[in-house]
Amino acid sequence: MAGLVEGLAALLLLVGGAFALVGAIGILRLPDFFARLHGPTKATTIGIGAVVLALLLIAWAHGEPVPWRALLIPLFLFVTAPVAAHAMARAALGRRARPGAVRPDAGSQP
Amino acid sequence: MLTLAVPAAILLFVAALALSVWRLVKGPRPADRVLALDSLTTCLMALGLLGGLMLKTDAMIEVALLLALLGFAATIALSLALGGGPVPPGGEEG
Chain A
683 MAGLVEGLAA LLLLVGGAFA LVGAIGILRL PDFFARLHGP TKATTIGIGA VVLALLLIAW
743 AHGEPVPWRA LLIPLFLFVT APVAAHAMAR AALGRRARPG AVRPDAGSQP
Chain B
286 MLTLAVPAAI LLFVAALALS VWRLVKGPRP ADRVLALDSL TTCLMALGLL GGLMLKTDAM
346 IEVALLLALL GFAATIALSL ALGGGPVPPG GEEG
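In the order they appear, the protein sequences are chains A and B.
In terms of the working numbering, the first sequence opens at residue 683 and continues consecutively.
In terms of the working numbering, the second sequence opens at residue 286 and continues consecutively.
Calculated from the structure, these hints are not laboratory results.
All figures in this text were calculated on a predicted structure; none of them were measured in a lab.
A few of these clues could be false.
Unchecked claim - Computed list of lysine to any residue pairs in SDA-like fashion (alpha-carbon distance at most 20 Å, straight line):
#	chain 1	residue 1	chain 2	residue 2
1	A	Lys724	B	Leu322
2	A	Lys724	A	Pro713
3	B	Lys311	A	Phe715
4	A	Lys724	B	Met286
5	B	Lys341	A	Ala684
6	B	Lys311	A	Leu712
7	B	Lys341	A	Leu710
8	A	Lys724	B	Leu355
9	B	Lys311	A	Ile707
10	A	Lys724	A	Arg772
11	B	Lys311	A	Ala684
12	A	Lys724	B	Thr326
13	B	Lys311	A	Leu710
14	B	Lys341	A	Ala741
15	B	Lys341	B	Met286
16	A	Lys724	B	Ile361
17	B	Lys341	A	Leu690
Said to hold, decoys possible - Covered stretches of chain B (in silico footprint by chain A; criterion: 3 or more residues with CB under 8 Å from a CB of chain A, positions within the stretch not fixed):
#	segment
18	286–294
19	305–318
20	325–336
21	344–352
22	357–368
In this text, a Cβ means the ideal position worked out from N, Cα and C, and glycines have one as well.
Using the sequences and the accompanying hints, generate a full structural model.
So, in structure tokens, the structure goes:
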């Protein structure tokens with residue numbers, strides 16, 4: 683039983699790392715800021731959630747006291763990640779669409 | 286099994302960290318750099334948790350929570366500093 687739980691925790695760790703890596707590849711490879719914004723904000727949140735779940739499962743499998751307060755981390759991230767992404771998108775929009783400013787990319791919008 | 290999975294996960298998160306740092310250095314717009322910093326903080330939290338797992342200590346949970354708070358505050362502050370004010374009355378299309 684403990685071995686099974688440990689295997690599940692190992693799988694969760696790898697899945698979390700893969701999610702974070704995919705998000706980071708998105709941050710590097712996507713062509714435009716607003717496209718880049720939507721990759722890591724979701725992927726890294728899932729990555730952290732998986733790592734914290736694995737942490738709880740490992741503590742449970744080893745018979746140690748389970749650190750439930752670790753659940754605060756994904757809870758906080760689930761609340762703040764959309765807010766942060768919204769603020770960043772607003773900041774990028776504000777620089778491009780400032781009233782009276784010359785828009786360097788005017789006319790090149792698809 | 287965990288002796289293999291934890292270093293593998295650390296390797297994956299370090300790769301993600303490196304890609305974020307690359308975007309932080311390269312980023313053509315300031316908003317790109319803020320986004321890279323946000324992603325970098327999240328990767329650092331995961332690396333801290335995994336390090337705590339390797340060292341068999343619980344203390345890294347508090348470290349990760351504090352990093353989450355600081356990263357969120359930094360992202361909001363930098364976004365506001367970049368000019369993300371309220372939407373003007375005519376809407377954002379202007």
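Checked hints:
no.: 1; hint: A/Lys724 <-> B/Leu322; in the structure: 15 Å, holds
no.: 2; hint: A/Lys724 <-> A/Pro713; in the structure: 18 Å, holds
no.: 3; hint: B/Lys311 <-> A/Phe715; in the structure: 13 Å, holds
no.: 4; hint: A/Lys724 <-> B/Met286; in the structure: 28 Å, violated
no.: 5; hint: B/Lys341 <-> A/Ala684; in the structure: 17 Å, holds
no.: 6; hint: B/Lys311 <-> A/Leu712; in the structure: 13 Å, holds
no.: 7; hint: B/Lys341 <-> A/Leu710; in the structure: 34 Å, violated
no.: 8; hint: A/Lys724 <-> B/Leu355; in the structure: 19 Å, holds
no.: 9; hint: B/Lys311 <-> A/Ile707; in the structure: 14 Å, holds
no.: 10; hint: A/Lys724 <-> A/Arg772; in the structure: 18 Å, holds
no.: 11; hint: B/Lys311 <-> A/Ala684; in the structure: 46 Å, violated
no.: 12; hint: A/Lys724 <-> B/Thr326; in the structure: 14 Å, holds
no.: 13; hint: B/Lys311 <-> A/Leu710; in the structure: 9 Å, holds
no.: 14; hint: B/Lys341 <-> A/Ala741; in the structure: 10 Å, holds
no.: 15; hint: B/Lys341 <-> B/Met286; in the structure: 16 Å, holds
no.: 16; hint: A/Lys724 <-> B/Ile361; in the structure: 17 Å, holds
no.: 17; hint: B/Lys341 <-> A/Leu690; in the structure: 19 Å, holds
no.: 18; hint: 286–294; in the structure: holds (count 7)
no.: 19; hint: 305–318; in the structure: holds (count 7)
no.: 20; hint: 325–336; in the structure: holds (count 6)
no.: 21; hint: 344–352; in the structure: holds (count 3)
no.: 22; hint: 357–368; in the structure: holds (count 8)
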